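Numbering (this note's numbering), first residue to last: 1420 to 1567.
FYI, nobody ran anything at the bench for these hints, they're computed from the structure. A few of these clues could be false.
Calculated pairs, DSSO-like style, for lysine-lysine (alpha carbon to alpha carbon, straight line, at most 27 Å) [unchecked claim]:
1) Lys1555 - Lys1545
2) Lys1494 - Lys1455
3) Lys1517 - Lys1494
4) Lys1535 - Lys1561
5) Lys1537 - Lys1561
6) Lys1535 - Lys1545
7) Lys1548 - Lys1561
8) Lys1561 - Lys1545
9) Lys1537 - Lys1547
10) Lys1535 - Lys1548
11) Lys1456 - Lys1492
12) Lys1517 - Lys1455
13) Lys1540 - Lys1517
14) Lys1548 - Lys1537
15) Lys1545 - Lys1495
16) Lys1517 - Lys1495
17) Lys1535 - Lys1547
18) Lys1495 - Lys1456
19) Lys1561 - Lys1540
20) Lys1441 - Lys1517
All values derive from a computational prediction rather than experimental measurement.
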Amino acid sequence: MIGSIKMFVPTFVVDAPGGGGKISVQPNYIISQSAKKVVLRNFEGVITTYPEPESYTEGTADAYFEEVYPYMKEKKTTTGISSLMNDEQFNLVPQGLKRYNRRQTYESNPTHETLKNKREKRDELKVKKYEAERRKESERDKQEGSRG
């Protein structure tokens, strides 16, 4: 019977901001980490950041890194992963990401409509349905009143 026992391994995930989806916190998805944020990559290749908890004690490793890498502040860059760590960019999106291309094609389509565009029609239908239900209820009440 041991072969029929199923074991489940819980996985910690981060719900990435900006539509990055759920990203598993595992070595192949964590790109970089600092005292303030973690840089993650989702399965599509979208790279984004997630902030560390507010209760995290920042700066506990800074002195060590400055000792080991004394010229790091001079080499601060505004491209790639460094741009995320330095708040220069919010996320990095690979060129040709299919979901972005689909969205742009969809939005540039002249017949494109969102649910917001259909809200007025939906509200009209809700009112008609409500009024029809009220009429049926009223007719039922009249029929029951004429029987009793």
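Comparing the hints with the structure gives:
1. Note on Lys1555 and Lys1545: the hinted pairing holds, with a Cα-Cα distance of about 15 Å set against a maximum of 27 Å.
2. At most 27 Å may separate the alpha-carbon atoms for a hinted pair to count; Lys1494 and Lys1455 meet this at roughly 19 Å.
3. This hinted pair does not check out: Lys1517 and Lys1494 have alpha carbons roughly 34 Å apart, beyond 27 Å.
4. Taken as a hint, the Lys1535 and Lys1561 pair is broken in the structure, with Cα atoms around 40 Å apart against an allowance of 27 Å.
5. For the hint linking Lys1537 to Lys1561, the alpha-carbon distance of about 36 Å lies beyond 27 Å, and the restraint is violated.
6. With a C-alpha separation of about 15 Å, the suggested pairing of Lys1535 with Lys1545 holds against the 27 Å cut-off.
7. For the proposed pair Lys1548 and Lys1561, the alpha carbon gap of about 20 Å is at most 27 Å, so the pair holds.
8. Distance check on the hinted pair: Lys1561 and Lys1545 sit about 24 Å apart at the alpha-carbon level, within 27 Å; holds.
9. Between the alpha carbons of Lys1537 and Lys1547 the distance comes to roughly 16 Å, so the proposed pair stays at or under 27 Å and holds.
10. The straight-line distance between the Cα atoms of Lys1535 and Lys1548 is roughly 20 Å, inside the 27 Å bound, and the hint therefore holds.
11. Simply put, Lys1456 and Lys1492 have alpha-carbon atoms about 18 Å apart, close enough for the 27 Å limit, and the pair holds.
12. As the CA atoms of Lys1517 and Lys1455 are separated by approximately 31 Å, the hinted pair breaks the 27 Å bound.
13. Between Lys1540 and Lys1517 the alpha-carbon distance is near 32 Å, which puts this suggested pair outside the 27 Å criterion.
14. Straight-line distance between C-alpha atoms of Lys1548 and Lys1537 comes to about 17 Å, which keeps the hinted pair within the 27 Å bound.
15. For the suggested pair Lys1545 and Lys1495, the alpha carbons sit about 58 Å apart, so the restraint of at most 27 Å is broken.
16. Restraint check for Lys1517 and Lys1495: not satisfied, since their Cα atoms lie roughly 32 Å apart, outside the 27 Å limit.
17. Using a Cα cut-off of 27 Å, the hinted pair Lys1535 and Lys1547 holds, with the two alpha carbons roughly 19 Å apart.
18. A threshold of 27 Å between alpha carbons decides the hint, and for Lys1495 with Lys1456 the separation of about 16 Å falls inside it, so the pair holds.
19. Restraint check for Lys1561 and Lys1540: not satisfied, since their Cα atoms lie roughly 32 Å apart, outside the 27 Å limit.
20. With a C-alpha separation of about 18 Å, the suggested pair Lys1441 and Lys1517 falls inside the 27 Å cut-off, and the hint holds.
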